[in-house]
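With these hints in hand, go ahead and build the complete structure from the sequences.
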Amino acid sequence: MKHKVAVTVNGRKHEHEVEPRLLLVHYLRDVVGLTGTHIGCDTSQCGACTIHVDGKAVKSCTMFAVQADGRSLTTIEGMATGDELHPIQQAFWDEHGLQCGYCTPGFIMAAAYLLEQNPNPTEDEIRRGLEGNLCRCTGYVNIVKAVQTAAKTMSGTPARKTQVAAGGN
Amino acid sequence: MAVTQLVGAKIHRREDPRLITGHGHYIDDFVRQGTAYAAFARSPVAHARIKSIDVTDASKAPGVVGVYTARDFKGQLAGTHPAAPAFVAEKKYVPERFPIAEKEVTYQGEIVAVVLAETKGQAADAANMIQVDYDELPAVMDLEKALAKGSPKAHEAGQDNVCWDFTYTPLDLTEAAFKEADVVVKQRILQNRLAPVPMEPRGVLAEYEGFDKKLTLWLSSQNPHFIRLFVSGALGLKESQVRVISPDVGGGFGSKISPYPEDYLVPALSRMTARPVKWIETRTESIQNATHGRGQFYDCEVAAKKDGTLLAMRVVQYVDVGAYHGTFGAFQPVACLMAGGGYKWKGISARTVGVLTNRVPTDPYRGAGRPEATHLVERMVDLVALELKMDPVDIRKKNFIQPEDFPFTQNFGLVVDSGDYEKALDKALELAGYAELRKKQAESRKQGRYMGIGLSTWIELCGFGPSAATAPATGGIALVESAQVRVTPTGAVIVYTGTHSHGQGHETTFSQIVADQLGVPLDNVELRHGDTAEGTSFGYGTYGSRSLAVGGVAISMAVGKVIDKGKKLAAHIFEAAEEDVVFEHGNYHVKGSPDKSKAFGEIAFASYGMGLPEGMEQGLEAVAYFDPPNLVWPFGTHLAVVEIDGETGTAKIEKYVAVDDCGNIINPMIVDGQIHGGIVQAIAQALYEEVVYDESSGQLKTGTLIDYLVPSAGEIPTFIVDKTITPSPTNNLGVKGIGEAGTIAASAAVINAICDALSPLGIKHVDMPATPDKLWHMMKEARQ
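Protein chains in written order, with my numbering: chain A, 1 to 169; chain B, 1001 to 1784.
Hints are computed from structural coordinates only; laboratory data are not their basis.
All C-beta atoms in this analysis are idealised placements derived from N, C-alpha and C, irrespective of residue type, glycine included.
Among these hints, one or two may not hold up.
[Claimed, not checked] Below are the DSSO-like pairs computed for lysine-lysine, each with C-alpha atoms no more than 30 Å apart in a straight line:
| id | chain 1 | residue 1 | chain 2 | residue 2 |
| --- | --- | --- | --- | --- |
| 1 | B | Lys1427 | B | Lys1120 |
| 2 | B | Lys1120 | A | Lys4 |
| 3 | B | Lys1120 | A | Lys13 |
| 4 | A | Lys152 | B | Lys1655 |
| 5 | B | Lys1723 | B | Lys1344 |
[Stated by the list, open to error] Covered stretches of chain A, as calculated for chain B (at least 3 residues, CB under 8 Å):
| id | region |
| --- | --- |
| 6 | 37 to 50 |
| 7 | 70 to 83 |
| 8 | 87 to 95 |
| 9 | 102 to 109 |
| 10 | 126 to 138 |
| 11 | 141 to 150 |
[Unchecked claim] Quick look at which bits of chain B chain A covers, simulated, 3 or more residues with Cβ under 8 Å:
| id | region |
| --- | --- |
| 12 | 1250 to 1257 |
| 13 | 1431 to 1443 |
| 14 | 1478 to 1488 |
What follows is the structure, encoded as structure tokens:
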């Protein structure tokens, strides 16, 4: 038997009939078609599927789609405004906070919630705050730096401009 | 090369905008109309005869398209899983491996049946309804017991469990040197079995178009051209009928080099059902089925003089091959050839024994053989130093291969291209404040604390590789690298490389090389890879820290050919002799008249026009294959400072310094990133990770990320990283590899620090992973 689910994702309303066992992450990827939210484990360890549900960071594999009924969701696709990156996205780019990029959407969503809760975290607070997310490429060094940089930007220090193509501009 | 602007600069990655916004294209993001989803039924036992498989219930389950067992693939798939000779040409016994088991299962997780259904959920539900009657057999788990006469066998058809048993050198030099010894140190060193755990598990999407007889295969691979080679062969198709697309790949670390059973079964099912078929691996499937790394032990003996001069080493390597020979599983004996590290020895004798067990096959995992070599030699050198009461720094300096010795032919005949090991060591000691650290250690010991300092003065061979070495190792295909450079009429440059970037940032670094060489903006260069329908006829993939030192060089060669053709055309336009034309900063001009010049883009446009020099064809493009004359040999020093909690046994890394030398650097930001990640993978081996099986039943006990401890940011310290630069003489860019360096270096530094910390208790050696539980028990026992 299918159940109706109505959600707002990145500001857009969606309504679908879904199986009750459908995980929220599968709903976002396979039904809504937003594939930026990734799946890296079966047991809610890796955090690749982290999104915001009513403003709170949630691993979207820990919820059924039907539990999101009536909620407002933000995924990685909803973080940039047009071509303008969210300061955390910009900081991940500037600080080389990603390599293969698979865990990155989850880290950015977790970091966004972390900085909302604690706008000026210490290195230790960042490391502990991101313990629910796994990265196999970066050794976390540049992820931590990216979050520190984003914290500075978001607290009003002017953002540095990324050198996209030296020799080109 | 033109005046350097981009090479050597911290250029932000061109791949990042799509990846940080959720617009990357990983395997599970691809959707084809009418797709059927596959789910595999896997053996729940380590070793058994299959008595019967009942698919009745599964076949009737909702949404099921079909249920297939081994017999359904007869006539669809030919041949067995490939096993490359690698470093052991003579194998004793290589069990035949078909993608799906028919009569016998030999590890927990081996495929016995597959369900196709309309949805992923329906496929998974039905796979659970397949009834298999197993007649269980003893599981072979312990390497030494497996080698004993009369041991149960991992495969019923085998004579015994010996996959290979090979000795590399005549023993006489080693034996003679042992006779001169003042001290002989012996140690057994374990290498814990590891799961690679790329954050993106594997996956396959196959679409066979029957009327065109063409197969498109999307998969998460480090090695798309080799997959095309293997899969086309198995399916009886020409390579031209198979297109492999390996899009954004969420990490590989070696586990996505070799072909897997699903890579054959999924396209076969697409052909059998005339539908696209998709399968995405779960994390548990990944840990119980993707090839593992390490899983070895070493029996080592080192002979030395009283003054610390190293004389000779005997090494026997035991490799847990697993239930089948991994395609490149016999690469791991390279550890024997690298066992001498960065030191001079009179003799090294090395024997490798590959043992079949009822576990997942092992294959290269980041570093593959070289982390094991570093770990054993760096441990053994520390044990000699401990025996002789020498400082670990002094024994290393006394025995290093010296800068003037390069090119240095080591004990197994490999030629180390360049190095300055002491320089890197000194820099690391300075950055760490070594003398102060030793003072601090003396103080902390007085307070009954356990602080240790560990060194790893590592070397590596990488950049596979010279055809003379690699063609025999693969069974025929030399691991050179190819590149194609195409310049469009408006001067846009499209570069195709046969390597495969899955986090390494090739779209950025390779473009930096090209843009500099052509003197054009980075934006004019488009770097493409991962689609066998594009570029050269064959590419060789990314592994073994080879992409820049082989692939990057191939690109620069192809660009050179394009520049040369442009020079001919420019000479024609300038009505000058070709040898009088120079190419500088993106412009051609006649020597002495730089004011009258033609930009590269103008020459590109002209190359598509009329009035070309006699015999010149239109267009501006070139292909190059680079066969490197030697491997490249990065090196460095890592230093770890560890404090162990005497109450809990928890080892905490207080400081970590890495000074690495990978020759010339294209993009320092990316090099540092590779080092960071590599170090953490080795810290993970040293302190946290181990694939554990039940030793009697062969059941995998670490099948999820709950049980298999991949460290998070909270477990990991920050690092001090620096470089020395010793250009490689092996290639025109002067570069060496850096992708595996951190992993090759770090486990020895951490474990040496732990052993140093515990030495006041009389503890000389600790095996990995050095978990709190293990250390607590060792300390407790030592105190009694």
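Hints versus structure:
no. : hint                       : in the structure
1   : Lys1427(B) with Lys1120(B) : violated (55 Å)
2   : Lys1120(B) with Lys4(A)    : holds (20 Å)
3   : Lys1120(B) with Lys13(A)   : holds (26 Å)
4   : Lys152(A) with Lys1655(B)  : holds (26 Å)
5   : Lys1723(B) with Lys1344(B) : holds (24 Å)
6   : 37 to 50                   : holds (count 10)
7   : 70 to 83                   : holds (count 5)
8   : 87 to 95                   : holds (count 4)
9   : 102 to 109                 : holds (count 5)
10  : 126 to 138                 : holds (count 12)
11  : 141 to 150                 : holds (count 4)
12  : 1250 to 1257               : holds (count 3)
13  : 1431 to 1443               : violated (count 0)
14  : 1478 to 1488               : violated (count 0)
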